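Sequences listed follow chains S and V, in order.
Okay, so the first sequence: first residue is 1 according to our numbering, each after it adds one.
Okay, so the second sequence: first residue is 1 according to our numbering, each after it adds one.
Hints are computed from structural coordinates only; laboratory data are not their basis.
Check the hints yourself; a few may be wrong.
Said to hold, decoys possible - Calculated cross-link-like contacts (lysine-lysine; reagent style DSS-like; alpha-carbon spacing at most 27 Å): (1) S:Lys86 / S:Lys215; (2) S:Lys3 / S:Lys47; (3) S:Lys218 / S:Lys175; (4) S:Lys206 / V:Lys139; (5) S:Lys218 / S:Lys207; (6) S:Lys215 / V:Lys254; (7) S:Lys82 / S:Lys215; (8) S:Lys207 / V:Lys139.
Only a predicted model underlies this, so the values are computations on that prediction, with no experimental measurement involved.
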Amino acid sequence: MKKNKVAFYWAGSCGGCEITITELGMNLIDFADQVEILFWPAILDFKYSDVKALQDQEIDICFFNGAICNQENEQLALLLRKKSNKLVAFGACSNNGGIPGLVNLCDAEAIIQRVYYTTPSLDETRGTRPQQITRVPEGEIEIPALCNRVRTLAQVVPVDYFMPGCPPVADQVWKVLQLVLAGDLPENSGVIGVDEKTTCDVCPRKKGNNDVRIKEFKRPHEVLMDPDVCFLVQGVICCGPVTRAGCGLPCLNANMPCRGCYGAPEGVVDQGAKLLSAIAAIIDTDNPDQINQILDSIVDPVGTFYRFSLADSILNELKYTRFNS
Amino acid sequence: MNPHNELPNRFSDKVRAMPGGENLDACYACGTCVSKCMIQQKVEAEFNPRRLLKMVMLDKQTEAFQDPTTWMCSRCDLCYPACPQQIHISELIHSVKQLAVEAGYSSSLDVVNVDEGLCSGCGICVMACPYEAPSLFEKGVNGSTDRFAMVDGTRCMGCGICVAACPAGAIARDGVSNQEITSQIKTISSNSAPSLAIFVCDWCLRAESDLSILESYPDPVNVIHIPCSGRIDPQMALLALGRGYDGVLVCGCKPGECHYVRGTMIGSCKMEMLGRMNGQMDITGQPVRFVQIGTQERGRIREEIDAMLNSMPLRKES
């Protein structure tokens, strides 16, 4: 039987998506036996030239994790799109921008300033700043330029399947890899490796009733959270209502609110704005002067409402199109 | 002890025994409440609290249960500060409604429905509703127990606050579903004049002349009517900007005058926070704004629209 040819790549990411694949344990050994791996820089020794040498669409399926943060990410996205029959946006960063997408709150120069000059733990007297081209005795070495705007994979190239999660949990990864082996991936492009409905649907916590409304929001470190009661009822912002189910609730089981990494469910066009729409409706005050005070208790609203989806949001789109100042 | 056990049979006595019912006889039928009521002015000429109270005093139970006043009062309480006898008329009307529901009558209003195929049972609607209409219930689905919301149609006033709050898009009623509202947000192609999407609550503009001000603006200033400013979904404001509008103005009632009690507060929280997030993203010029228009503030809508149109720079497609 002809073996499936697969590739894995990491762009702007933390590496967690690669770790989740190693979490498959013995299943990974089985999988590797049944496929031909053409490219997987995190695990095996391949060079970009190996990919360039492939026929177009020679890779049957490519799992691409990480956001598009620099020119190298972009070039590899274009290259792997060309060489792959099916391209999977694997993990929150390639789906929605993920944590790297929060860069879009500022720009590339602000990031460089922070990382190389103003981070408190830094010895800034050295003034080290990475240069795109550095001369060394052997010649010139080049590092890829940082993009001013972090993009999702689908903002750069067409994507066939979207598999969200930070990271996608091993159970879901294994389900999808089994579909790959069986040739049973859905015909139409779309979201895979998720469950129906939202995280709240599977969350066992006791939900709010009509005498519960919120006068102050608290961050997880500011309050002792009851493990049996809905976080929102306790005034802790939880992204569960606007997040696809499928993760198996690792955060909730550790008594931490959902952060939204599995992305918005069907019908929600902007995860952060929809969460705001839900959260605002459960605020309790008759006093207009109190509104600002209550909203002040949501520190960093963009980072809270759009933690994983900023790069994929309408809010973000506005910044880079018509409302750039 | 159930207070209903020892009630005499007279309808008026039943109402007197309900919360707020003790004030029934204080009403001397001056009609100030009628003159204050937005429903009477805007929707239903037959709406008349004075007449309803009179019906109750005269034990006209069937007439009272069938009267639109019983079902349409949203407990905004605009009439309360005006009542010279300081009667909480809305409480009295609500008592009549409760007796009507017990007697098997149902609301004539358009109420929301829950699509169980989409509902996640998160309970947001339960916490959001000003009228305690939604509640959660459990039922067996494919061998396991699942949780859903359901809406008590006799309590629902059709404000749409839950429709905006529902993260799953599971709640709707005719006229205010997500689809029906977003389909009214046009795509603006040319920017020869400043374009503005105005989401206006059905209640904040009291005078006919104010409503005609809204109609006096040509394209691309477009008005989208929503039942309550609490119905605004920040996604809609962003969608409008994304489809080419230069600005979005949401109009609601002044605090304390909201027809649906909590709606204007909810709308103001959403728009204030959306404004803060625009600020975090360096989106300048306040392209989303929220105004709360009081019942006395005739003509203010024009000032607000003009102020916004004048302050907006023409934006080009990039």
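Status of each hint after checking the structure:
no.	hint	in the structure
1	S:Lys86 / S:Lys215	violated (48 Å)
2	S:Lys3 / S:Lys47	holds (22 Å)
3	S:Lys218 / S:Lys175	violated (37 Å)
4	S:Lys206 / V:Lys139	holds (16 Å)
5	S:Lys218 / S:Lys207	holds (18 Å)
6	S:Lys215 / V:Lys254	holds (21 Å)
7	S:Lys82 / S:Lys215	violated (53 Å)
8	S:Lys207 / V:Lys139	holds (16 Å)
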